[in-house]
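Those sequence lines, one after another, are chains S and P. Under the working numbering, the first residue of the first sequence carries the number 51, and numbering increases by one thereafter. Under the working numbering, the first residue of the second sequence carries the number 51, and numbering increases by one thereafter.
In case anyone wonders, no lab produced these hints; they're calculated from the structure. Being a predicted model, the structure only gives us computed values, none of them experimental. Note that beta-carbon positions come from the ideal geometry of N, C-alpha and C, so glycine has one too. Accuracy of the hints is not assured; some may be wrong.
[What the hints assert, rightly or not] Just so you have them, the derived chain S footprint on chain P, three or more residues with Cβ under 8 Å:
| hint | stretch |
| --- | --- |
| 1 | 89-95 |
| 2 | 158-169 |
| 3 | 179-186 |
Protein chains: 2
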Amino acid sequence: MAMEALTMPWKQLLLKALESNSNLKHSSYFQLATIGSNGRPSNRTVVFRGFQDNSDKIQINTDCRSHKIDDLKYCPFAEICWYFTDSWEQFRINGRVDVIDGSNADPVKLKQREKAWFASSPRSRLQYLGPNPGLPSLSEQPPLAPSLDPSTGPVGAFCLLVLDADQVDYVNLKINERLIFTSRENINGEKFWTSEKINP
Amino acid sequence: MAMEALTMPWKQLLLKALESNSNLKHSSYFQLATIGSNGRPSNRTVVFRGFQDNSDKIQINTDCRSHKIDDLKYCPFAEICWYFTDSWEQFRINGRVDVIDGSNADPVKLKQREKAWFASSPRSRLQYLGPNPGLPSLSEQPPLAPSLDPSTGPVGAFCLLVLDADQVDYVNLKINERLIFTSRENINGEKFWTSEKINP
Numbered sequence: 051m052a053m054e055a056l057t058m059p060w061k062q063l064l065l066k067a068l069e070s071n072s073n074l075k076h077s078s079y080f081q082l083a084t085i086g087s088n089g090r091p092s093n094r095t096v097v098f099r100g101f102q103d104n105s106d107k108i109q110i111n112t113d114c115r116s117h118k119i120d121d122l123k124y125c126p127f128a129e130i131c132w133y134f135t136d137s138w139e140q141f142r143i144n145g146r147v148d149v150i151d152g153s154n155a156d157p158v159k160l161k162q163r164e165k166a167w168f169a170s171s172p173r174s175r176l177q178y179l180g181p182n183p184g185l186p187s188l189s190e191q192p193p194l195a196p197s198l199d200p201s202t203g204p205v206g207a208f209c210l211l212v213l214d215a216d217q218v219d220y221v222n223l224k225i226n227e228r229l230i231f232t233s234r235e236n237i238n239g240e241k242f243w244t245s246e247k248i249n250p
Numbered sequence: 051m052a053m054e055a056l057t058m059p060w061k062q063l064l065l066k067a068l069e070s071n072s073n074l075k076h077s078s079y080f081q082l083a084t085i086g087s088n089g090r091p092s093n094r095t096v097v098f099r100g101f102q103d104n105s106d107k108i109q110i111n112t113d114c115r116s117h118k119i120d121d122l123k124y125c126p127f128a129e130i131c132w133y134f135t136d137s138w139e140q141f142r143i144n145g146r147v148d149v150i151d152g153s154n155a156d157p158v159k160l161k162q163r164e165k166a167w168f169a170s171s172p173r174s175r176l177q178y179l180g181p182n183p184g185l186p187s188l189s190e191q192p193p194l195a196p197s198l199d200p201s202t203g204p205v206g207a208f209c210l211l212v213l214d215a216d217q218v219d220y221v222n223l224k225i226n227e228r229l230i231f232t233s234r235e236n237i238n239g240e241k242f243w244t245s246e247k248i249n250p
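Next up, chain S with everything else stripped away, as it sits in the complex (with noise of 0.2 Å):
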């Protein structure tokens, strides 16, 4: 088994995959999986809110009322599942997940929090005002659309998602070429990562 060291690391290869797809409003959305405490899996569309600071943990915004907050309370681990629509490139992320809400006891993640938070846009901080995501719709008219002043910080509701990837498999159709992106430790218990070219 060759390990090749191969030249461009997978969050290279993904931030060029957003570009080359950046004229699609949905290249941003990717599917993330969980384990629900029924044991069985769980699949739902999010947004991609960007690597944090200047990592490759991925930050994804979610209702603290949804069920995926559940789940990963159930089990931490998720995968990512991203494909470019016109670039026929995909990305599979593996790895555990941080659920950051309001009652978080780390100043420096509730301040990732207030990041994410005003890093939304106004119109989309006013879901997390709504009813509860997931509930029996009570009313057949839609509720008033509520409103919110643009300096307030985070609600209740806001929830940031950070995930720490240690598997990255990635796909390109166009060319059918396939690679596997693995991290490790090294002595110093420093994360670095490891690739290799794989069957597609």
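Given chain S, work out where chain P should sit, using these hints.
Quick look at chain P alone, frame taken from chain S:
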């Protein structure tokens, strides 16, 4: 909790979504989440191969040598996440998956597998003759394109997956409506569906 008898079953909604997005090649692609024997979720893009006969069972072709087969033997449940990029509709389809390979003891299922094989293009059949997917790529050269007589039946690596749904979560982001469909059994053991409007 009002249990509404909504007029359109999920299969009709799905066929309608497929039709209104049919100009896009990727509208027949969706993400299939499973659980690996390591207890982590797994997620990948696969191709919709139609409903089985007149049922609402969803067909997928795959390679017997792929990881998802091991996953489904460990846990037979899967969730499809199918996002339609033009109509902004999402279907989350959860159910049990029947894995039908050439060693299946049921002649009816073997016939379904054969039917799925011949329904796929001769070109797509060739991939099942390729090297073991996911294993290290040993050669720098692309392998010689194998050839296959169009009348040849399913090869050993060809596997038909059939997902029998018991829950479908539908959301339409254009009108901000969400429905949950749940399958139940009547006193004769026959399957029927109920649906309810829930908060998006």
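Status of each hint after checking the structure:
Coverage of a stretch by a chain is defined here by at least three residues with a beta carbon nearer than 8 Å to that chain's beta carbons; for the stretch 89-95 of chain P and chain S the count is 7, and the condition holds. Counting residues of the stretch 158-169 of chain P whose C-beta sits closer than 8 Å to any C-beta of chain S gives 0, which falls short of three, so the coverage hint is violated. For the stretch 179-186 of chain P, the proposed coverage by chain S is satisfied: 7 residues have a C-beta within less than 8 Å of a C-beta in that chain, meeting the threshold of three.
In this structure, only the earlier hint numbered 2 is contradicted, and the remaining ones agree with it.
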